[in-house]
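Listed below are the residues making up each chain.
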Amino acid sequence: MRKILVLFVLSTAITITGCKKFLDEKPQTEIDASSYWKNEDDIKTGLAAMYDGLQVTFDNNYTIWGDARTDEVETTIYGDDAYVVNGLSANTTGSDWSPFYKTINRANLLIKYVPVIKSEYVISLDQKVLNYYLSQAYAVRAFNYFWIVRLWGDAPYWNEPFETIGTDPYRERMAANQVLDSITADLERAVALSLNSTGTPNVYEASLGAMYSMLQDVNMWRKNYSKSVEWFTKLDALRTGSARRYDTVSRAQWKLLFTAPNDATNNKESIWSLPWDYIVDGGASVSELIGAGNTNSDFIVDDSVWKYWVATPVDIRGYQSIDLRVPARDKFNKFYLLNANGTTTYPNGSQANILFPLYRLADMYLLRAEAANKLGDQTTALRYLNIIHQRAGLPAYLAADLNSIAKMEDAILEERKLELYMEAKRWFDLVRTDKVIPVMDQYYRDRQLRRGTVPTGFGDPRTILWPINRTVLNSNPKLVQNVPY
Amino acid sequence: MQKKSTNWILANLVIGKAQFYLLLTFLCFCCVSAGFAQSIPVSGTIKDASGNNVGAVSVNVKGSNAGTTTDSSGRYTISVPGPTTTLVFSSVGFGSQEQIVGSRRTINVTLSTTASSLDEVVVVGYGTQRKRDVTGAITSVSAKQIEERQAVNLQDALQGQAAGLLVINDAGEPGAEGSITIRGGSTFSSAGNSPLYVIDGVVGASATNLNPNDIQSIDVLKDAASSAIYGSRAANGVIIITTKRGQEGKPRIDGRYLHTFGWLAHKLRQANATEVRMFRQLQGSSGGSTDSLNPGFNVDNDYQEALTQLAQKDQYDLSISGGAKNLSYYNSIRFVNDKGLIINSWGKQASIRTNIDFQPSARFKWSNRFQFGYRKRNNINEGNTINQTFQRPTNYRLYLPDGSLAGYISGRRNPLAIALLDINNEEDYTGSLFSQVEYTLSKSLKFTGNAGLDYGESRDVTFTPKFNNSDGITNSGSEGFSRAVGWQVQTFLNYSKTFNQDHRLSALLGFSAERDQSNSSTIAGRNYVNEQVLTLNSAREIITTSTRTSGGANTLASVFERLEYSYKGRYSVNGVIRHDGSSRFGKDKQWGLFPSAAFAWRFSDEKFMAFASSILSDAKLRISYGQTGNESIGNYEARQRYGFGSYYYNGVSGIAYGNTLGNEDLSWESNIQSNIGLDLTFLKGRITVNADYYVKTTKDLLYNRPLPRETGFNDIRVNLGSFETKGFEFAVNATPIRKKDYDWNIIANTTVYRGTVKQLYNGESFIAGNTSDGGNAGWLIEQGSPLGNFYGWKALDVYAYNESNAYDENWQKLTPNFDAAGAFTGYTIDGKPYTGKVNSLYGKGAKLRAGDVEFVNYTKDSVIDDKDRTILGNAQPSFYAAIINTFRYKQLSLSFTLNTMWGNKIYNNAARALDDYGTSNIIPRPQTIYDMWRKPGDITAVPPYTSRNDRGSMRMNDRWLEDGSFLRLAYLRLTYGLKPKLAKKLFMQGLNAYIYGSNLVTWTNYSWFDPEFSSNDPLQIGQDGGRYPRRREVGLGLNVNF
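Same order as they appear, the protein sequences are chains D and E.
Letter by letter, the first sequence follows residues 1 to 485 in the numbering used here.
Letter by letter, the second sequence follows residues 1 to 1042 in the numbering used here.
Among the clues, some could well be false.
Calculated pairs, DSBU-like style, for lysine-lysine (alpha carbon to alpha carbon, straight line, at most 30 Å) [unchecked claim]: (1) Lys21/D with Lys587/E; (2) Lys38/D with Lys587/E; (3) Lys26/D with Lys587/E; (4) Lys478/D with Lys985/E; (5) Lys699/E with Lys20/D; (6) Lys985/E with Lys325/E; (7) Lys26/D with Lys44/D.
Keep in mind the hints are simulated off the structure, nothing from the lab.
Just so it is clear, the structure is predicted and the values come from calculations on it, not from any experiment.
Just chain E, same shape as in the assembly (with noise of 0.2 Å):
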């Protein structure tokens, strides 16, 4: 069976080095025959039937892909080849017009509501589709839809957007960014389940330092038969950016202003210096705390007052576009300063863009791409600030009586301390130039050739001084550089040809190669001559030991083919094939095989669906199959590999192997996704409706296999195992009122899925995170059963007196009983008196006792170890769901979204880390110490502060899972546009003042700051170590174009 697929991929691959020399050929022919060509400038004006100008109404040159879209006053600029060409007009929820050029050079549209949005272009990878004719899962989104955000990051722009895109969002931090997820995850690791970014046609791009006022649309390329075509990393769904390009005419600019006020969005209630006391009285201690005199101690600090600040973000944007003929530009400028909610917490960001395209003629076009971000921010330490504000008891000073910082107190650091004096700056700069060159050879054949450039540059500083080390003599930093360089090269030819008026048939053939290499380096010292010195010459004493060299490069070389059919748009097949070599796998299982097929079925256009064609102006059904891949592993996994630099001993540098065996084996891990899906339009375009259903499922998982310790290696990476999502997608859109003066519109979208582990290496079920009796979250993960599992032991209330820890044989339990004196009486179960042997369960050695936590003892014998413990609850949502609303009433607009995700348990570590007591100057949450058990008898499900975790009531149990469902008005804008009249008046295009607010209400039951946030390893999700709190903002804005 290998060698056979072995054979196929190495028949395909001689196929596409032909391919390859072909496109050079055609390279070649392009430079000579470039200047022969001509063109017509053609430009106008878009309206609607209002009147209005349109923006981002799609211009086509029909049978060709030569195109462009309107600005936002709906002018246009396009070159044709000649006066015979027909311009076809097209935009979202408006229906298609041609127009014949002929002799003119200025072409105004009206366009009409009455139509359906099927003329819609869609971008879906090295070329374009009507939406008439896509066969796949895309969803698209407007930079209109964007623009009603004030996004800071794309996770901003994209939340709530789309059916099936998971977008959590971190915001609170400046410069967080949160993730996204297309589909939920699909294998075992971070990076293998984000999806892939195309930006401009740069694949892998970073949407880092994008900013999402340059975005003209995005599309979401979900299911496997649209995102074939980019292979081996498509498995997680691509997301496709387009940015936006200058129209021809006067320079168009744009200038943005928002400032938003931010501030904690839930205040958490924290012991307070009563409580703190009382707490220590049930310590069985009276000591500092009372003493009246001390001013150490006899504050009462609301420590989140002290450590948080009004939040301020200012958001810049200028952008200036416009072009000449044969040329257009876009150019713009993002600066964002922020400073965060915990004092001394702040982000930069700039970003610059440049879009140049130069059309000499007709046939020939060159895009250039240029993009240089900026970005430094302050990291805060969570751990050392804000738990720490939780930890510490609110009785210790923060201040000396002279007003300076007080230090550490008791062991607890002062965490406006740390907050104001430590460092942790983050800086780095990122560049790309992109270049393109599109040749159409024929009506029907145009080659595309492109390079890009992508360059990383980072460097991040840390600094602990003096004042903030606990034995107050010793300062420690770090410094580290790191530098990304990565580089790509695409060709690849379109044909397109129309037949007889119903045969559509496109083509698709290219070939791309690119190669990342990065490097990093990090120096640590210690001893610090100077605290205002950073740089490590400072440092009197290098920390060989966190001091780092690393490096590293991958390539990938690909061929790629795409066929399209259509008969009248009515039936249309779609098939891709992509070849991908990677050099992160073993050295004959560097090339993978990536097929998709797809098919699509516009049933209202049969003579039987014309009864309903009044109503149902659209329908469409689209069944696709197809196999993407996943290659996010580490660079030289493949290879046996000797490393250096900590195996030091008495002065010499050892050599040995790391801890995972290499694979030189190592190969794909591929996924295999089935939809089908549903697109119906209602009433002329008022409704549209999309639902997918589909089953995806990952072969040969990128896992490590653990290896038996006694070879001397922990694990090995393998291609092992299968993992199964299963989801359903349902959108709509509605715009149940559309009136000249007002409209109404729906966008609703819900996503329900599961995934399933359904193979694992010897069927072995594992343990994620925390595998001993400690407090932290564990996850078990076993065949059969989802990803969050929270394994743990299930908590009951404590024993209310020693004697409650009785069980009869059969491991029931007993009820003690006492006389009027409180003396022990004997057991009875049932109601009748228990004279039979009495079991007594043990933990940590020990008996258990009074206040000692009752687990549930599955294994039923004496011992509460980790036999007993069981599934404790689920992380992952049963689903999520938005609701983004749009009113417009003459100049007036409101947009809202409500995002929700439910059903999903949370483990509350941060309070895990209060309430358990761990070290005698870490003081619970109030209700703990109210309710911990004081004395024999009392009911309760808290253990008392004196048997602490002796006999491990402190174990990972569901006392701290909680439900993380909510419901959020996450998104709101009320934007007032001067009528066109009146700024024409002012020398303006247009002007819009909005009031915007971001985090509005959350319903939730959750106790923590904020249920939504992401989690790092797919393994480990769910458990909140107290992250940076999320903000509620407000803010002012002012929108003005020239």
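Looking at chain D on its own, in the form it has when it is part of the complex (with noise of 0.2 Å):
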């Protein structure tokens, strides 16, 4: 008797934990949270994701958030009007800040187990590399939050994963002057880190360099000038051996911008762009909105710039940008090869490969001309616009044209619009100048009529920022929606 208990009671021990066994099932095709950071490539492959990130994020809201809204780009039959008619509303594409945050959060993950997999996983890992791979991450976390901020305003602000639901989720909106804070702090963090850093980004990742213009532009958004200009003069002192680190291409070789930022030899121009590749990635959404062989576009050229461009055949970015010969102007070649007979082939949306340029010198000369003007140093200024300028082909100016700071500045943003056309700069370039309704306003009315509506103009200032997805507005009760929306 005693024999039976014995037996019973260890044989029903054994199936309990056996039970737990049977009812233990790991998933098959993807990683518990519990086995990873452990080890470098880990970092590698969440590094991956954190610019995997970024791409999703620009995919489809690169030219909306950018330049729908100003005076390059009208609408077609196929196009929300809203972009162009400031009727933006909470529905309206691009209202959509969560794929920032998604990649803030990848950002998040890196800077909270990088050092984590030093410390306890794998120690002999060289501390330089593992800067290299946090300044990466502190960069983009800043960027993300500079495009939140320029879009929106004031957000909430994150700086450690979320990672379990033990994590109260819901946070208020930060002041945007705080977040931008802490977006000059994360870049100083991230220059300091890739100083002491072994490893070189490439041109799809953030370097140094990419780090010194948002700090560039960072400072030019806030109007701090000097700074601006201060961390420009890093910029232009970066050298590879002794020849300069970044240099502006030749004019015939303008396209590689586009098509070769990764051109080491011929194109030191570029700084950071972000590259698709349609076999792992899908195509760059964008396409469909501004030129792709399968679809119409929601976007066409705006007249003034069609007929600049036209109008000025020596300028060799017009036909570079847009494509002349489709009379209904709703092609935009910039990303795309010329063929050798003038043409383009635009690929299937789910078939572009385009490589966005994020920062490039041009850009840079022109915020330090811009810094220039603003601080009252003409000369400078007119040097680095006139860089710009003449490179597309044009005749420089004269001192005597430029000779007020308002001239000056209009001449520089004229500059910036053309050159850096679809770049998705020109918004903020009029956010940041005080610009939109003193440019945009008429603009706005030609569109409304045209629209047989009342020309009531861009409308209340306060509409310059986004409203917040009706979504994530849902998704948050702490978050209040920007006024007047």
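Work from the hints to combine the two standalone chains into their complex.
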């Protein structure tokens, strides 16, 4: 009897432990979170995921955020009029900031776990190599917040990863200025780490040059002109051996900026670009907005731009930015190769490899010119402006032509509009220089009239900020919509 | 509270383990003693009072679970333990009879039709019950009822047969299935709303390839008390299917053949070439369409005619069954060859079943079930064919002058070319093996052990040739494989004993374990070197973004107990407890407890009811209460996971979290249901009435709680919220006439139910489907409301004049006035001139103009935006019902089914896609063209093409919301059966010839193809996106048996 009892107790114990095992099914095609962040490969894949987040973020929105609301484009019947008559709503495509935050979470995971990997799993890892990874995580986090703050203003701020429901997921919006302070801090930290690292980020990653560029850009946005000049000077002083690390490309090689940012021999102007490889990423969706082989575009070239480039064939940027052979004006060829006969073969949307420039030296030169102008140094402003202006094939501006701060600023902005056409800069140029309403009001009136509605112009200046997407708002009750949306 | 319940479960779990070992011990015991049992074979024929053979009669050994049923010629064979055995014969509509075997080896019985069906056997899961003792809400469907249908699948077999069972039949597309829901949905996912199928004891089996002719009986367990024995997966009811067994005697051969013809049940009117040209003018162009010399635009196609064909379906069935002493077998083969309505759509199905029962002794029985299924079909892309036919202008050519197919014209596909040249083949094989051992340990105790294996394998091939690609130079396709393997093991003990004649006690104790593993991979490619070879070595380029691999497994372990007690069949009590442990839930939340209790009172046996006994032969009141569960979620949602394969950057495949955060606290969704039911039998079985009222509440709803997007996640699966359904079911089975030469039977049932969302996360309502101002349907899910509430803008007529967009300060509409010359003279309100401030409405940033749709301005502000949405209607029917009539006159019998669904709304998105002027080459419905606003002053609901959706006229609105009520003559069969004597002369046992029709007449106001279609997502129901049209079928068939 006792034997039976012992046997019974024993076998019951075995079954219960067996049952626990029986019910323990591990994921088969994914990694359980407890098995990740263990070695350097995990950092590399985590980093790729972070950049992938950036790619997804800009996939469809690059043009929408940076160009759609400006005098660069008009909509076709396939596009949403909301962008060009200032009718944004909480449902408009582009109002959703979630992809930025997805990327931020991935950057935060790196910032949290990279040190843990060294301290707990692979002690032998070189700190300098880790700094190389970490600097990119800080830079990308800052870059994401910089876009958020410019588009929506105040924003919830997360600088640690969200990984469990035990953490309170609800955060209020932080004041834009505070977010900008954090951005600057992140970037300065990234610079410090990068200066103490081994590893050379390529043009598709956030390198030291990209960090300097961002700092220049952020300080311009905050109107800290002299600070901005300081960061530009550091960028300009970067050397590879004795040669300049960054330099403008020649007029003949201008197209390389968009088709071969990684051609380090012929193209030293590209600082940071975002590449699409349709084989693994799918095509860049923006192509379907501005020129894909299989569908009509959402946008057409605005009249003012079209007329200028038709009338100014010496400007080599014209035929390389928009397809002057397509009378419908809905094909933008800037990001595609030109065929020998001058035509462009537009890939299907799903096969569009686009290499978006995020920062390139011409952008930084013109920002430098803008800062100089604001600081009263018109000579320097003119010098940088003319580098870009003349490269395009145009005769140099004379000091007499631009003899006031206002005139100089207008000329610089106009140059940026043409040089950086469809590179998602124009909208921020207008906001930064407080020129949205002075420049755009008349455009909006004309467009409203064309659509047979009452010409109200741009309307409420508070609508310069984007509305927060309805789904995003609903997901976090602590968010308050931007007034007056 | 939580802690307490965990302890409860643990306590029970430990007991469960003990029980398991007990069972194992019994198993060993069986193996030893099996050889000693003896048996006597007994056979015979059962006839009714008029001398006809009666099939499907239960023949049971009294006091044990052993039993069999008669075949359709009334024959049975059974092995009994000894001469003292009593056999009990019972069947629907007949009184039961008992016979002591004695020395007889042949026992022929004549059953009288006077008594009720109370001794019929009902399958209740891990055992059977006499109908008399049933305490839950169970509806049984017999083989005979199914036979009247010529069913292709289970949906056909079950539609209209039971109250509380909503069967949506997607008949039309070859191989399509539709859906079955018991007592309405109870949760927010479609997987969680499907009933559990138990086929011959295999829990969670797939009914997809089941041959309806193999079915002996279907028992639908509707309330929690009946289904709780299946615990964690029974929240949506259980459908128990028992397949046929062979009978001892000469082999019986059944051959069946049916050929049906089908055609488009509802052809829709489409804009003809003249109307297309009228529309072209309204678009403001007189372009290519009027060039009489252009061969591309000068036809007037009837696309529906061109794209459809006479559907033809062949159903071949052959079954052989029989048995020798101790052994019975049933074999069936079915082949269905279906050529669908749309050109080039086809499906082939084959299934084979072998059931073998071996009973070497009266105590020991070994049953084997083997099933094999094959299905292959070519799916037609509905969006690119059927929907395209309506979108494409009818004056566009389909063929080139040389007779070959035309390609794309003005961005519109040639639907005929898509149907003919696109390939979307789905091919699957399924097999299941099941083996069961039953051993009678003593008169009252029986052990059962079984093991089953399910295997499924599929291959899908898709291909779009260059010709059908818009660029004309790329072709693309994919090839996918999947495999699913599942096994399960069950052991259980049934105890059954009658004490002192009056006390009947039975008990069940069981254990089961199962595991399912599935894997699949798809490779997609582009630029195939040869369009005949569709394997992926032919593709020059692999599309990485569409190439995927997935795999996963889940396990479930259970212990279950049931106790039943019945006193004189007058009072019955039934209690069930099941514990389930599932691998899908959080480490500490895997085990769930599912108890239930039920009580039945046959008050007709009480003395005080004696006065009514001449009319009310039997009356039973049932009350039950129980809890079941739902575990239909992803396999690993309780875990935080990193994924990869879609996070590439610059040559590195990144690893990242997905959109849904893992939740280690994830646990069971439980479903608590109380049921009160009444079963009445009048006039000795001539009329039976069943009525049930139930309330079922889903708690800890498995639900995607949205997370703030700033966390980097979209949502997390949590146990939150609750959902309540209240329903009433009523069924009548009456035989108004029962004579020797003719009879008439009616089965009628109706169901009413209301589901209400009781609690959502934070009480926050949300919108399912379209959340923006687009034209697709959106649904508001909010507390206190049912599911299926269409949420959009309420449309009024369009503004007749620009000046019509005018309101006073309280947003009362002003009437604009014009002089004889048409000049605007001012506003009036209620006939009085108005000179105050004039408000106007804006949409999409612009002031609304003449021809723009006026929407109800609920917010009373100057903008029509998403705050002006309202509930436009509900997609759920207020009731559904069916009537099945069967008449017999001598050798002729007629049966037909009428079914109806009433009061539901359908969002006609197929029509919306035509009417919303999305692109210039989509032609609206003809009525839309005629009704379009043309000039100031026109009063109509249809905006002009020129304003399109510029100011939001095409938002989701009630212009496309239609009443989906219908009444349908769903099935009809007229059969002539050869007289048995005559058949014998032809060396046959029987011969039946029949005419069969389905979907013969439909009365509905719904304008698109058909109001009956299934929806995949329970949160997004009732949107008709242009489904494969339903066919009307008429067929001829012949059944012979030898």
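Each hint, compared with the structure:
1. Lys21/D with Lys587/E: Distance of about 11 Å is within 30 Å: holds.
2. Lys38/D with Lys587/E: 23 Å, holds
3. Lys26/D with Lys587/E: 12 Å, holds
4. Lys478/D with Lys985/E: 86 Å, violated
5. Lys699/E with Lys20/D: 26 Å, holds
6. Lys985/E with Lys325/E: It holds: about 29 Å lies between the C-alpha atoms, which stays within 30 Å.
7. Lys26/D with Lys44/D: 24 Å, holds
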